[in-house]
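Peer 1: Given the coordinates of chain Y, work out where chain H should sit on it, guided by the hints.
Going line by line, the protein sequences match chains Y and H. Take the first sequence: its position 89, counted from the start at 1, is 89 in this note's numbering, and no numbers get skipped. Take the second sequence: its position 272, counted from the start at 1, is 272 in this note's numbering, and no numbers get skipped.
Just so you know, these hints were derived from the structure itself, not from any lab. You may find that some hints are simply not true.
You can't tell identical chains apart in this list, so a pair holds if it fits in one copy or across any two.
[To be verified] Cut-off 25 Å, straight-line C-alpha distance, at most; resulting in silico cross-link-like pairs (DSS-like, lysine-lysine):
| no. | residue 1 | residue 2 |
| --- | --- | --- |
| 1 | 19 | 51 |
| 2 | 121 | 197 |
| 3 | 241 | 121 |
| 4 | 268 | 19 |
Number of protein chains: 2
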Amino acid sequence: MVDEPDAGLLSLNTATVRKQWPLPQIIDGCVRHDIRGISPWRDQVAAAGLKESAQRIRDSGLTVTGYCRGGMFPAIDREARRAAHDDNRRAIDEALTLGAPCLVLVVGGLPQDRDGVIRSKDLAGAREMVRDGIGDLLEYARGAGMPLAIEPLHPMYAADRACVNTMAHANDLCDELGAGLGIAVDVYHVWWDPNLKREIERAAGSTPSRLLAYHICDWLVPTTDLLTDRGMMGDGVIDLKLIRSWMDACDYRGFHEVEIFSANNWWKRDPDEVLAVCRVRHQECS
Amino acid sequence: MVDEPDAGLLSLNTATVRKQWPLPQIIDGCVRHDIRGISPWRDQVAAAGLKESAQRIRDSGLTVTGYCRGGMFPAIDREARRAAHDDNRRAIDEALTLGAPCLVLVVGGLPQDRDGVIRSKDLAGAREMVRDGIGDLLEYARGAGMPLAIEPLHPMYAADRACVNTMAHANDLCDELGAGLGIAVDVYHVWWDPNLKREIERAAGSTPSRLLAYHICDWLVPTTDLLTDRGMMGDGVIDLKLIRSWMDACDYRGFHEVEIFSANNWWKRDPDEVLAVCRVRHQECS
Chain Y
1 MVDEPDAGLL
11 SLNTATVRKQ
21 WPLPQIIDGC
31 VRHDIRGISP
41 WRDQVAAAGL
51 KESAQRIRDS
61 GLTVTGYCRG
71 GMFPAIDREA
81 RRAAHDDNRR
91 AIDEALTLGA
101 PCLVLVVGGL
111 PQDRDGVIRS
121 KDLAGAREMV
131 RDGIGDLLEY
141 ARGAGMPLAI
151 EPLHPMYAAD
161 RACVNTMAHA
171 NDLCDELGAG
181 LGIAVDVYHV
191 WWDPNLKREI
201 ERAAGSTPSR
211 LLAYHICDWL
221 VPTTDLLTDR
231 GMMGDGVIDL
241 KLIRSWMDAC
251 DYRGFHEVEI
261 FSANNWWKRD
271 PDEVLAVCRV
281 RHQECS
Chain H
1 MVDEPDAGLL
11 SLNTATVRKQ
21 WPLPQIIDGC
31 VRHDIRGISP
41 WRDQVAAAGL
51 KESAQRIRDS
61 GLTVTGYCRG
71 GMFPAIDREA
81 RRAAHDDNRR
91 AIDEALTLGA
101 PCLVLVVGGL
111 PQDRDGVIRS
121 KDLAGAREMV
131 RDGIGDLLEY
141 ARGAGMPLAI
151 EPLHPMYAAD
161 RACVNTMAHA
171 NDLCDELGAG
181 LGIAVDVYHV
191 WWDPNLKREI
201 ERAAGSTPSR
211 LLAYHICDWL
221 VPTTDLLTDR
231 GMMGDGVIDL
241 KLIRSWMDAC
251 DYRGFHEVEI
261 FSANNWWKRD
271 PDEVLAVCRV
281 RHQECS
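Chain Y extracted, bound-state conformation (with noise of 0.2 Å):
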């Protein structure tokens, strides 16, 4: 097996203890558990003030490792498009003072109406969509000198959340539209996928790599929720150490990214004891 990860290279996406702690709470928690790295939600910032929360992160010494979340690129009608892409540079504009190293995208399903109800079947059009509005957003983001990550989402949410649902698709995204645009990779979602690794290793076999993000948790045998039900690594089916040797071998060395969503468990256990398990996990079990 693989040595043990650099404890160093643990970072919270503060989704994990969202339901407990509002952004000031979760940085000051991340120092008290020695966690170096950080990753926002945008709610969370906006509750919290930016230029505030960019301060507070400075100075207790995190690194921002990934801002959550542009995309949503499909919608019916094409004024909620402009709409989406005028929020997705905000977000960028918002990256920038938070100091992120990327803009993680989730790109969007099946196009909906102004009601968040799903108004169309046509994938391919709703694919056709993702790679024109992250094509226009790129000119802004490059302009910005803010990458963009695509994150693809488990093919559970192709229809409601997001519709690149493999590594290879996101690969091909980045092989059309360009420089600027790179990978989050999450296990939750590709775990399954048996070219899993021929991927990793051809994002990383662009200048620059595409890897600008891992994230790790793991996948619960049973899943009672499509949504809220992720399990805290080790907890799970999922081999964590195999995938992270292939992140190692491909030279990937940014940091490893903590996120659970868990209605039922951990967003409902003191966050404390929630940070310092993955601390432990993160050491034991990824």
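Peer 2: What follows is chain H alone, placed relative to chain Y:
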């Protein structure tokens, strides 16, 4: 868009009403609703008697469109794999008695112990067990003249039900293992796949065609349970007419088998209503 499907091609996978009716009543229900195909499950056949079921289906003039199911190849010890092999041979014998055109294979996920607990995270190893298990079974299946149909399951079942999760993987196995092996295309499992059209064409390009079965239902948004929240055709987001047009274009002339697991909706309704709705939705929405 494509024409309405031939109503005579509708088949009922008996899982769709298995909570309400035993097999003899399902057979009678198909006749009553002029549904001309049926795909029974082993447990219901066992409960009603194999020979009696075969006779009743024949007497009713129904066409068997598949037999559910064999597979579950990975196991933690050799003895359990041997037991699965023996059970799969019996399933082939039963399929012959029933006059089924194929035995559907749900190949199994990560290796479990005898209590059904997953004991390994070696997904690649599980996939090798699947390949070897199908290879062994094929010898018997070829001798018996019973085609085996790999059903790729949605990636959300990779851990516990089937680690063959794409048409491409199923086609690769067919390439490797040769004659007597084909594919059951279930839209629920593969609708999200950006390579679906290409891989249907690849399956059809073999001689004989690998397209042994076509299962329909719909993907609901939201989906509230990973196992038992499938939708009736037209209630979800799958472009069923588009996928059928791909099957049609590949000269698939087999049945369209409705298979709906639905704990909170269709399994709670009057089964005569369910079959009536299946007929209408098959015509209008698939």
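Peer 1: Taking the hints in turn, state whether each one holds.
Peer 2: Evaluated hints:
Within a single copy, residue 19 and residue 51 get their C-alpha atoms as close as 22 Å, which meets the 25 Å cut-off; across copies the closest is 58 Å, which misses it. Taking CA atoms no more than 25 Å apart as the test, residue 121 paired with residue 197 passes between copies only; the shortest distance there is 16 Å, against 31 Å inside one copy. For the identical chains of this complex, residue 241 and residue 121 are inter-copy neighbours only, at 10 Å across copies versus 38 Å inside a copy, given an alpha-carbon limit of 25 Å. Taking CA atoms no more than 25 Å apart as the test, residue 268 paired with residue 19 passes inside one copy only; the shortest distance there is 8 Å, against 35 Å between copies.
When the structure is compared with the earlier hints, no violation turns up for any of them.
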